[in-house]
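Position one of the sequence shown corresponds to residue 4 (the numbering used here), numbered consecutively onward.
Just to be clear, a hint being listed does not mean it is correct.
In silico EDC-like cross-links for lysine to aspartate or glutamate, where the CA-CA straight-line distance does not exceed 20 Å [claimed, not checked]: (1) Lys103 to Glu414; (2) Lys326 to Glu665; (3) Lys733 to Glu371; (4) Lys189 to Glu225; (5) Lys575 to Glu689; (6) Lys222 to Glu188; (7) Lys623 to Asp578; (8) Lys395 to Glu414; (9) Lys93 to Glu225; (10) Lys583 to Glu505.
Beta-carbon label-pair distances, calculated as ranges [as the list claims (entries may be wrong)]: (11) Pro528 to Asn673: 39 to 49 Å; (12) Asp283 to Asn673: 22 to 32 Å; (13) Glu226 to Ser347: 54 to 64 Å.
Think of the hints as simulated: they come from the structure by calculation, not from any bench.
Beta carbons are placed, not taken as given, at the ideal position from N, Cα and C, and that holds for glycine.
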Amino acid sequence: MKKWTRRAFIGTGILASGALVIGVAIRPGNRSSKVAGLIAEEGETVMNIWLKISPDNTVTAIIPHAEMGQGVHTTLAMMLADEMDADWSKVKFMEAPADKEYANYVVAKGFIAGNKTFPKFLEGTIDGVFLTAVKSMNFQITGGSASVRFTGQQGMRIAGAAAKAMLLQAASDTWKVPVEELKAEKSTISHPASNQTATFAELAQAAAKVKAPKQPRLKTPEEFTLMGTSQPRLDIAAKVTGAAKFGMDVILPNMKYATIKAAPVFGARVKTVDTSIPSDSEGILKVLNLENAVAVVADGFWQAKSAIGRLNIEFESTENDGKSQDDIFNGYQMAMDKALEEGSIEEHFRSGDVLNALSEAETIVEAEYQLPFLAHATMEPMNCTAWVHDGKCEIWCGSQNPLGAKAAVAELLDISPDQVTVHNQLLGGGFGRRSETDVIKQAVAIAKEVDYPVKLIWSREEDTQHDVYREATISRMKAGLDESGNPVAYSHQFLFKHHPPEAADLPYSVPNQLIQFTSPNSFVPWGNWRSVDHSVHGFLTESFIDELAFAAKKDPLAFRKSLTQDKPRFQKVLDLIQEKSDWNSPLPTNWGRGIAIAQSFGSIVAEVAEVEVNVEGKVKVHRVVCVADAGFAIHPDGFKAQMESGIIYGLAAAMSGEITIENGAVAQSNFHDYQVTRMSEAPKIETHIINSGNPPGGAGEPSTPVIAPAVTNAIFNATGARIRQLPISKTDLRVSIQQAT
Numbered sequence: 004m005k006k007w008t009r010r011a012f013i014g015t016g017i018l019a020s021g022a023l024v025i026g027v028a029i030r031p032g033n034r035s036s037k038v039a040g041l042i043a044e045e046g047e048t049v050m051n052i053w054l055k056i057s058p059d060n061t062v063t064a065i066i067p068h069a070e071m072g073q074g075v076h077t078t079l080a081m082m083l084a085d086e087m088d089a090d091w092s093k094v095k096f097m098e099a100p101a102d103k104e105y106a107n108y109v110v111a112k113g114f115i116a117g118n119k120t121f122p123k124f125l126e127g128t129i130d131g132v133f134l135t136a137v138k139s140m141n142f143q144i145t146g147g148s149a150s151v152r153f154t155g156q157q158g159m160r161i162a163g164a165a166a167k168a169m170l171l172q173a174a175s176d177t178w179k180v181p182v183e184e185l186k187a188e189k190s191t192i193s194h195p196a197s198n199q200t201a202t203f204a205e206l207a208q209a210a211a212k213v214k215a216p217k218q219p220r221l222k223t224p225e226e227f228t229l230m231g232t233s234q235p236r237l238d239i240a241a242k243v244t245g246a247a248k249f250g251m252d253v254i255l256p257n258m259k260y261a262t263i264k265a266a267p268v269f270g271a272r273v274k275t276v277d278t279s280i281p282s283d284s285e286g287i288l289k290v291l292n293l294e295n296a297v298a299v300v301a302d303g304f305w306q307a308k309s310a311i312g313r314l315n316i317e318f319e320s321t322e323n324d325g326k327s328q329d330d331i332f333n334g335y336q337m338a339m340d341k342a343l344e345e346g347s348i349e350e351h352f353r354s355g356d357v358l359n360a361l362s363e364a365e366t367i368v369e370a371e372y373q374l375p376f377l378a379h380a381t382m383e384p385m386n387c388t389a390w391v392h393d394g395k396c397e398i399w400c401g402s403q404n405p406l407g408a409k410a411a412v413a414e415l416l417d418i419s420p421d422q423v424t425v426h427n428q429l430l431g432g433g434f435g436r437r438s439e440t441d442v443i444k445q446a447v448a449i450a451k452e453v454d455y456p457v458k459l460i461w462s463r464e465e466d467t468q469h470d471v472y473r474e475a476t477i478s479r480m481k482a483g484l485d486e487s488g489n490p491v492a493y494s495h496q497f498l499f500k501h502h503p504p505e506a507a508d509l510p511y512s513v514p515n516q517l518i519q520f521t522s523p524n525s526f527v528p529w530g531n532w533r534s535v536d537h538s539v540h541g542f543l544t545e546s547f548i549d550e551l552a553f554a555a556k557k558d559p560l561a562f563r564k565s566l567t568q569d570k571p572r573f574q575k576v577l578d579l580i581q582e583k584s585d586w587n588s589p590l591p592t593n594w595g596r597g598i599a600i601a602q603s604f605g606s607i608v609a610e611v612a613e614v615e616v617n618v619e620g621k622v623k624v625h626r627v628v629c630v631a632d633a634g635f636a637i638h639p640d641g642f643k644a645q646m647e648s649g650i651i652y653g654l655a656a657a658m659s660g661e662i663t664i665e666n667g668a669v670a671q672s673n674f675h676d677y678q679v680t681r682m683s684e685a686p687k688i689e690t691h692i693i694n695s696g697n698p699p700g701g702a703g704e705p706s707t708p709v710i711a712p713a714v715t716n717a718i719f720n721a722t723g724a725r726i727r728q729l730p731i732s733k734t735d736l737r738v739s740i741q742q743a744t
């Protein structure tokens with residue numbers, strides 16, 4: 004969707020595919036005429052590519068993002084409906100199809116340019132450049148906490164405001180009254196002076212003939228009727244009744260089931276396998292060698308899984324067969340040493356003279372941290388249903404990038420993308436994992452060998468052992484404090500820089516900084532994991548700043564406030580969390596309280612964790628207080644739910660999350676040895692939202708980076724044990740708690 008600011012240009016109406024369309028004119032080309040046939044049913048008026056109006060006065064928001072529990076379909080529909088003054092009870096949504104015209108160029112633009120505006124004469128050209136780029140990249144992504152802050156702000160709100168302006172003008176022309184005298188409310192346009200009223204549906208076709216305004220006026224927060232309220236989510240009823248369809252729910256006529264066994268060591272290939280069907284294997288239809296895996300197709304999933312467990316599969320050996328977790332970390336240490344010695348280490352940020360400042364510092368603090376590989380562990384098993392027929396392919400899946408899935412299938416089958424149809428379903432958890440296409444391509448590779456639809460389901464073991472993982476890493480940090488305990492130098496060397504690029508930035512005022520990184524080779528596949536690099540640097544930065552506070556003999560919260568005096572948003576978040584967490588109140592014996600704060604994806608989140616460490620060294624997180632400057636929370640309940648979700652997800656990683664490599668392969672296999680947070684382990688979570696007046700920030704990811712350091716800082720407060728290696732379960736806290744007692 005084009006970034007419609009006051010400089011945006013909205014094109015003229017045209018007729019396409021029997022549906023009345025008002026286009027959004029951007030360079031290159033008018034896209035609305037290209038999508039009318041994809042989204043419009045008979046009698047519906049497509050106002051722009053993001054909304055249509057039905058004869059019964061229903062407004063349907065076309066949402067270009069997947070629903071994976073975050074409530075984005077509801078929130079984005081609210082943003083559009085509020086600007087349009089639509090009757091919320093008559094608002095529906097549909098997910099945008101996997102089509103290049105729905106490539107998320109506004110998301111790409113937002114990641115690069117944020118909420119910046121451009122000169123009027125450049126706006127169309129810049130939008131056209133981004134649109135062309137994301138089309139070529141098949142970019143229709145849901146992730147990066149971008150849906151509300153980019154698509155919502157720069158797409159949905161503008162689409163609604165523009166449509167309302169056009170409907171008002173149509174009524175003005177029809178009734179011969181000044182447009183200033185008209186009122187839009189609850190999907191109707193009225194002229195109180197003459198007592199005339201018409202529904203949106205009654206005016207839609209006339210509105211299509213009106214020249215669109217160049218600068219549709221957006222509401223101010225005081226005018227919002229939906230934004231800022233917690234409307235019932237549009238997807239909940241179907242999920243409660245079971246009518247909602249996830250990828251696992253897909254059932255097609257004559258559909259069969261498949262599962263796989265991949266090479267244990269990443270990159271290995273199948274050496275030998277007997278693909279003939281054993282005579283005693285009832286219901287087994289086909290055995291396929293997929294080169295890096297073996298697949299079995301059967302009448303049912305359990306039949307396929309049982310059969311593949313009995314197959315004698317030999318995989319080729321690789322240079323990584325004998326590698327262990329220790330080998331990997333030893334290699335990382337050597338790579339860091341080599342990069343420093345050779346001067347090949349890359350620079351992330353530099354200010355002042357760190358070496359000189361360190362040499363003159365009163366106190367030096369040094370620490371090294373180590374983080375493990377992490378899996379995504381989505382609740383819905385990875386799956387995809389594929390049907391290759393008549394020179395075409397249809398897939399049913401839950402994808403965070405449907406357009407990317409479509410392109411991957413077309414390339415695999417060597418057919419045009421137009422011959423691929425993606426039926427995107429609800430996602431039972433994504434966290435970045437479902438932006439990948441590996442499972443989809445496997446399903447298609449199997450389906451092209453048979454003449455019926457095939458649903459590929461990965462076992463939990465395959466999912467755990469063949470994920471794309473958050474990178475394991477090491478970090479070396481060093482700082483100098485002056486006589487007053489103020490940091491004067493900060494040095495940080497870390498491994499692997501992915502995105503967002505600002506994740507490694509230090510949010511605190513330290514005059515001399517040197518932040519560097521290097522990226523050694525790794526045979527373990529990397530993938531986007533919830534909050535990506537922020538999940539790493541949130542722990543590193545907030546753990547080390549706590550160490551500096553202790554070395555300076557200062558309260559950790561007050562220390563953070565003293566170093567963010569030039570950041571009023573940080574100050575307000577810290578003030579509120581100090582109040583809401585009862586920061587200075589006493590705690591029971593063996594309890595501790597820890598704080599962490601970070602800015603990510605446009606939101607600032609602080610968390611205070613209260614933990615208990617018992618005499619056996621077991622950690623129980625009793626309470627987490629979360630304060631978030633959301634800019635503006637469009638759906639407060641939804642925002643709070645995402646804060647809670649990110650905390651629970653990050654807590655699992657902090658407490659016990661660890662993927663280890665043994666003999667070149669992942670050692671863990673299921674939830675018994677890669678554990679997630681159980682209900683009995685979940686702390687009480689209290690979330691407080693600050694609407695600071697800034698643009699809306701992200702919700703799905705910003706609470707994850709700070710929960711680990713909040714908990715480990717609380718453990719230090721309780722026991723005096725500083726945890727520099729995750730997960731927490733690797734540290735024996737029994738001695739520490741006895742000493743503290």
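Hint check results:
1. Lys103 to Glu414: Measuring from Cα to Cα gives roughly 15 Å; hence the hint holds.
2. Lys326 to Glu665: holds, 6 Å
3. Lys733 to Glu371: holds, 16 Å
4. Lys189 to Glu225: Given that 20 Å is the threshold and the Cα spacing comes to 18 Å, the pair holds.
5. Lys575 to Glu689: It holds: about 17 Å lies between the C-alpha atoms, which stays within 20 Å.
6. Lys222 to Glu188: Judged against 20 Å, a Cα distance of about 14 Å means the pair holds.
7. Lys623 to Asp578: violated, 26 Å
8. Lys395 to Glu414: holds, 12 Å
9. Lys93 to Glu225: violated, 23 Å
10. Lys583 to Glu505: Roughly 29 Å separates the two Cα atoms, so the pair is violated.
11. Pro528 to Asn673: 39 to 49 Å: Given a distance of about 19 Å, which is not inside 39 to 49 Å, the answer is violated.
12. Asp283 to Asn673: 22 to 32 Å: Taking Cβ atoms as reference, Asp283 and Asn673 lie about 28 Å apart, which means the hint holds.
13. Glu226 to Ser347: 54 to 64 Å: Holds, at about 56 Å.
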